[in-house]
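Trainee: Each protein sequence line maps, in turn, to chains A and B.
Quick note on numbering: this note's numbering labels position 121 of the first sequence as 121, and the sequence is numbered without any gaps.
Every number in this note's numbering is 156 more than the matching position in the second sequence, counting from 1.
No lab work stands behind these hints, which were simulated from the structure alone.
Every residue gets a Cβ at the ideal spot worked out from N, C-alpha and C, and that includes glycine.
Be aware that a few hints might be false.
Subject to a maximum C-alpha distance of 20 Å in a straight line, what follows is the list of computed SDA-like cross-link-like pairs (lysine to any residue) [said to hold, decoys possible]:
{"#": "1", "chain 1": "B", "residue 1": "Lys186", "chain 2": "A", "residue 2": "Lys103"}
{"#": "2", "chain 1": "A", "residue 1": "Lys30", "chain 2": "A", "residue 2": "Glu125"}
{"#": "3", "chain 1": "B", "residue 1": "Lys221", "chain 2": "A", "residue 2": "Glu43"}
{"#": "4", "chain 1": "B", "residue 1": "Lys186", "chain 2": "A", "residue 2": "Lys30"}
{"#": "5", "chain 1": "A", "residue 1": "Lys103", "chain 2": "B", "residue 2": "Phe271"}
{"#": "6", "chain 1": "A", "residue 1": "Lys65", "chain 2": "B", "residue 2": "Phe271"}
Computed footprint of chain B on chain A, listed as stretches where at least three residues anywhere in the stretch have a Cβ under 8 Å from a Cβ of chain B [what the hints assert, rightly or not]:
{"#": "7", "region": "53-66"}
{"#": "8", "region": "74-86"}
{"#": "9", "region": "103-114"}
{"#": "10", "region": "135-149"}
Here is how the chains run, residue by residue.
Number of protein chains: 2
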Amino acid sequence: MKNEFMTAALYEAEKAAECGEVPVGAVVVKNGEVIAAAHNTCEVQCNSLRHAEVIVIDRAMSYLKTPRLDGCDLYVTLEPCAMCCGAISHARLSRLYFGAYDKERGCVVSNLHCFDAPSPLFNIEYYCGIMEDECSALLSDFFKRLRSDKFSTFSK
Amino acid sequence: MKNEFMTAALYEAEKAAECGEVPVGAVVVKNGEVIAAAHNTCEVQCNSLRHAEVIVIDRAMSYLKTPRLDGCDLYVTLEPCAMCCGAISHARLSRLYFGAYDKERGCVVSNLHCFDAPSPLFNIEYYCGIMEDECSALLSDFFKRLRSDKFSTFSK
């Protein structure tokens with residue numbers, strides 16, 4: 001089941017890469033069904049806050065017509081940053097599953113440990129490294145391609 | 157100057173209270189001018205992510221047509237939570253001024269210390285307790301009224 005939903009998040013991440021966005025995708029799952037899916041749109045919206053997690057939470061809230069997503073799970077291909085950890089906590093999601101670790105910005109286990117804070121506001125189960133290889137490969141391929149495109153532009 | 161801009165943020169917070177929203181207001185300032193203003197809209201939008209800071213950053217990015225708000229300052233009447241600290245960092249705001257401390261959710265100095273993390277991603281100057289009394293009073297009056305309204309409903 002975990003892999004099925006992470007595969008759906010990966011599909012979203014692939015869509016992001018096709019649009020030139022950093023390939024991060026996310027889905028919200030309730031009662032074993034995907035109720036919302038999204039990917040990063042920072043480039044196209046010229047807005048550095050348009051992370052996959054924030055967009056998918058917005059969509060899940062609209063779909064369920066509630067500001068609280070108790071009983072829902074979030075699957076995301078990259079470890080969430082501080083903004084997204086905060087959003088996950090405000091949304092009252094029950095469980096978080098992420099794929100690749102983000103050594104630079106990740107705030108679940110890599111930098112800050114948002115969900116290990118003593119505050120009950122951050123009371124969420126989290127599971128790390130789900131389909132990590134596939135999620136990491138998508139990101140490293142994207143950045144490799146980006147660098148080689150830049151290099152070929154400079155060498156023209 | 158600091159007080160002039162915090163007064164503008166307080167005016168936004170008052171508008172929130174009038175709509176039944178938790179009274180938090182924010183403005184973004186560039187070159188001595190307010191370029192965006194917003195208040196919480198969590199209740200009216202049925203969305204727990206609609207904090208004043210996120211909305212005002214969105215508006216400033218739209219206004220300036222850029223995802224990076226270098227050289228801009230954010231004034232907000234309440235200490236930002238983790239989500240909003242993350243958003244402030246992604247937006248590359250230069251300075252943060254906040255009014256009241258938030259002992260429960262504040263992530264600048266009260267709980268997590270987001271902007272003291274070693275990561276250069278959180279490299280922002282911050283100033284705490286600007287017009288703290290006025291900002292706190294607006295919040296405590298709002299919650300006092302809310303409790304008394306609830307009490308009068310129960311006693312009917």
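Trainee: Determine for every hint whether it applies to the structure shown.
Mentor: We went through each hint and held it up to the structure:
1. Pair hint lysine 186 of chain B plus lysine 103 of chain A does not hold up; C-alpha atoms about 32 Å apart against a cutoff of 20 Å.
2. Annotation: proposed proximity of lysine 30 of chain A to glutamate 125 of chain A holds, straight-line Cα distance about 15 Å (limit 20 Å).
3. With a C-alpha separation of about 12 Å, the suggested pair lysine 221 of chain B and glutamate 43 of chain A falls inside the 20 Å cut-off, and the hint holds.
4. With a C-alpha separation of about 43 Å, the suggested pair lysine 186 of chain B and lysine 30 of chain A falls outside the 20 Å cut-off, and the hint is violated.
5. Taken as a hint, the lysine 103 of chain A and phenylalanine 271 of chain B pair is honoured in the structure, with Cα atoms around 17 Å apart against an allowance of 20 Å.
6. As the CA atoms of lysine 65 of chain A and phenylalanine 271 of chain B are separated by approximately 34 Å, the hinted pair breaks the 20 Å bound.
7. Under a criterion of three residues with beta carbons nearer than 8 Å to beta carbons of chain B, the stated coverage of the region 53-66 of chain A is upheld, 7 such residues being counted.
8. With a cut-off of 8 Å between beta carbons, the region 74-86 of chain A has 6 residues touching chain B; three or more are needed, and the interface restraint holds.
9. Requiring three or more residues with a Cβ within less than 8 Å of a Cβ of chain B, the coverage given for the region 103-114 of chain A holds, as 6 such residues are present.
10. With a threshold of 8 Å between beta carbons, the proposed coverage of the region 135-149 of chain A by chain B is violated, since 0 of its residues qualify and at least three are required.
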